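Novice: Chain by chain, the residues:
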Amino acid sequence: MDPMEAIKQTYFQECDELLLAMEEGLIAMESGEADSETINAVFRAVHSIKGGGGAFGFEILVGFSHVFETAMDLVRSGKLDPTPDVVKVLLRAGDKLSDHVTAARNGGSDAVDDAEVKAELAKLTGEDPEDAGAPAPADFEGLAFAPVMIDIGDEEPAAPPCPIWHVRFAPHAGLYAKANEPYLLIRELGMLGPIEVTADLSKLPDLSALEPDQAYFAWNVALKDCPDRTKVEEVFEFVSGDCDLEITEEKVEAAAPAAFAISAPGLPSLDDDDEPAAAPVAEAQPEEKKAAAPAAAQAAPTTVDLIKQTIRVDLDKVDRLVNLVGELVITQAMLSQRILDSVQQGQTVSAGLGELEHLLRELQEAVMAIRTQPVKSVFQRMPRLVRETAAQTGKEVRLEIEGETTEVDKTVIERLGEPLTHMIRNAVDHGLETPAERVAAGKPAEGTVKLSAEHRGGRIIIEVADDGRGINRSKVREKAIERGLISPNANLSDEEIDNLIFLPGFSTAATVSNISGRGVGLDVVRRNIMDLGGRITIGSANGKGSKFSLTLPLTLAVLDGMIVAVGEQTFVLPLSHIIESLLPKSADVKAFGSNGMLLNVRGVYVPLVSVGRLLRVPGAKYDLANSVVILVESEGVGRMALAVDAIVGQRQVVIKSFESNIGHIDGIAAATILGDGRVALILDIDGLVAGCREGTGGRPTEYQQALGA
Amino acid sequence: MPQASKIRAVVVDDQLTMRTLVRSCLQQIGLTDIREFPKAPEALSALKAQPAHIVFSDFNMPEMDGLEFLRSIRSDPSLKGIGFILLTGRADADLVKRAAQFGANNYLVKPFTVAVMKQKLEQIFGALS
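From first to last, the protein sequence lines stand for chains D and G. Each residue of the first sequence is one higher than the one before, counting from 6 in the numbering used here. Each residue of the second sequence is one higher than the one before, counting from 226 in the numbering used here.
These are computed hints drawn from the structure, not numbers from a lab. Treat the numbers as computed from the prediction; the structure is a model and nothing was measured. Check each hint, because a few of them may be wrong.
As the list claims (entries may be wrong) - What follows is a list of derived Cβ distance ranges for each label pair:
#: 1; chain 1: G; residue 1: 257; chain 2: D; residue 2: 374; range: 33 to 39 Å
#: 2; chain 1: D; residue 1: 83; chain 2: G; residue 2: 288; range: 37 to 43 Å
#: 3; chain 1: D; residue 1: 250; chain 2: G; residue 2: 340; range: 32 to 38 Å
#: 4; chain 1: D; residue 1: 340; chain 2: G; residue 2: 288; range: 23 to 29 Å
As the list claims (entries may be wrong) - Heads up, simulated DSS-like pairs for lysine-lysine below, C-alpha to C-alpha not over 25 Å straight-line:
#: 5; chain 1: G; residue 1: 264; chain 2: G; residue 2: 322
#: 6; chain 1: G; residue 1: 343; chain 2: D; residue 2: 13
#: 7; chain 1: G; residue 1: 343; chain 2: D; residue 2: 84
Idealized CB from N, CA, C, for every residue including glycine.
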């Protein structure tokens, strides 16, 4: 990559951080909590974006940020009071600046309409926005700078000079007979310091006189930077009887102090003729392949990097690490399986293995923590979204954010943005009433949308709650009947009615606005969340508001699962979906319809499905009375009892996605590798349950056809 | 003629992009020993541990600004001989004047070119090879 291009990438990355810092600061200013350092940080962010933009010639961006910077400068120096109105303009300017950065990143093709905001900023600063480009850098010729006197002095006392060792090495035939290799010996000398090798071929006879098992070569080696004669001798320790060896020492004059003292004005020490130590290190003679000595000793002086900052790690590297640890876990599992199989009373072994397992688990957690990030990066985009949506719909909205430091895997964060955007828009557009309606209903004109995140039970819960009108259940019901989604006489609970809005093709907005109605329905949001292994639920109280709750796994790399046996196959059920496991009595199993079954679980009937039959597993038991039943709960569709042959155990498995190779299969989420090296499929409970539900409803589905159930 | 490759430089700017740009320009001029610091206090202690010939520093930085940094350098007997070039975002005559009073050796207005940077360096070190 062109170096400038690489720096540009750095610039845009840095812009993202600066924009976030800027927005954070502006929001603090909005709530009146900003101290002078926060205000200065906002100024600095705008200033830095401008400065970098100038280096890459983003003139429009620079022009806009200049006006913005001028306004921030006035606020910073106390000449402009950050009243709510002023901050509102600044916030909008921040949004525009972010658009400008995006436009510049996309090659400047999308024009940003900033005239209005620019005019408002100019009103604050009293500057004419038209001639507000960055002023041409003036030269201050009149300013006299202090004459330069740079003298750092002798900061690096030279190490005591090392002699040069001249080694003459002439192997006898016996050396070769004992399978010694001169090349290796010379290479070892090269480990002690830079060497210069010349081969002495003077003894080499004509080809006719050459005895193949005689030795004719000798080498002269000059070795630098090795203070110790014995080190040189040690190299030849094992061949001393089989060669002629001469080691002579050449004294070296103490070198002039390392070329470093600059003293003005002549700066002699920077001159090129003052360079004894840096003479090029010996190059080998062309025909002398043996001189390919490692130049370890030539390592450039390293400067200690004192920057203790967060590092930017290429995600690929981290992924590789995560993958490796995953493999390690599998290996450990395989190992313990084999040892348990072969050693009956291996108590000490198993104690060691237990420790290994413990350590590995810890290591895995630590490695995966590298990938986690606070949800802040997604949450931070929401204030702007709320501002814009509110402006478009004429509503007054306050956004409250809680738990933005909650950490979750980066892949989850990346895929959270879209559903969250949709839900927030939905809350403002459909959830909240207009100010007039709110006042009429006895509520404050300003509506509240609350976005929160927290860890609960190994998962992350994200909630979007509004204090709007709530779901109008009779309207939802009407609509669902109209669309043929439910039958007119269906008896649904409030919760079931609320969940109807997630069905494909459902839209309750009387008028399709250009905000929420962008062709993406809540069904897509739900699909996205389910693809992440999460669930979405809605709660609503008429007139008081609604609340969407997202439950997501913290990582997409591992899963706590229950291993079950079905016929010849082994499956993994995600632990998060399991409620309990039980051994049913045959009296509890009731036939239902033509081939459906119900299980009586303490008085409640739950659909019972044999996993073996459903997936047509060879060798599966069909004797339900002898099966183990696992009660699972699926998102939205309710509970279901899955009959399996036996429970094998419970463990953490590494998820191996096969979607890129095989594609999506309903009912199967992914695969994993078990301790015995076999592949086991991880069941997608939601898919399974949904498939079965549709099946019992009598509608043939793709899923049933695919499985032949 | 002094060799550019022997000049030890320290670059201080809170912005990674700027540090990288300065480094890139310096490398094009021929410098090889370039250390970067996002904050002045870190740079100050690093300079005490291992001096440099020239410092490029931004003005507006959190914790310690460029002038404060310059003053700390000039008031430390072991560091006061170091060359100091102030990087400024705009041609702010007052700022440059104050920098000159504090003992800056030169200034550089962002954005800058390699040619301008070389010229400023040569005003300090003489023609570079």
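Novice: Confirm or reject each hint.
Specialist: For each hint, the structure was consulted:
no., hint, in the structure
1, G:257 / D:374: 33 to 39 Å, "holds (37 Å)"
2, D:83 / G:288: 37 to 43 Å, "violated (21 Å)"
3, D:250 / G:340: 32 to 38 Å, "violated (58 Å)"
4, D:340 / G:288: 23 to 29 Å, "violated (52 Å)"
5, G:264 / G:322, "holds (23 Å)"
6, G:343 / D:13, "holds (22 Å)"
7, G:343 / D:84, "violated (38 Å)"
Hints 2, 3, 4 and 7 from the list above are not met by this structure, while the remaining hints are.
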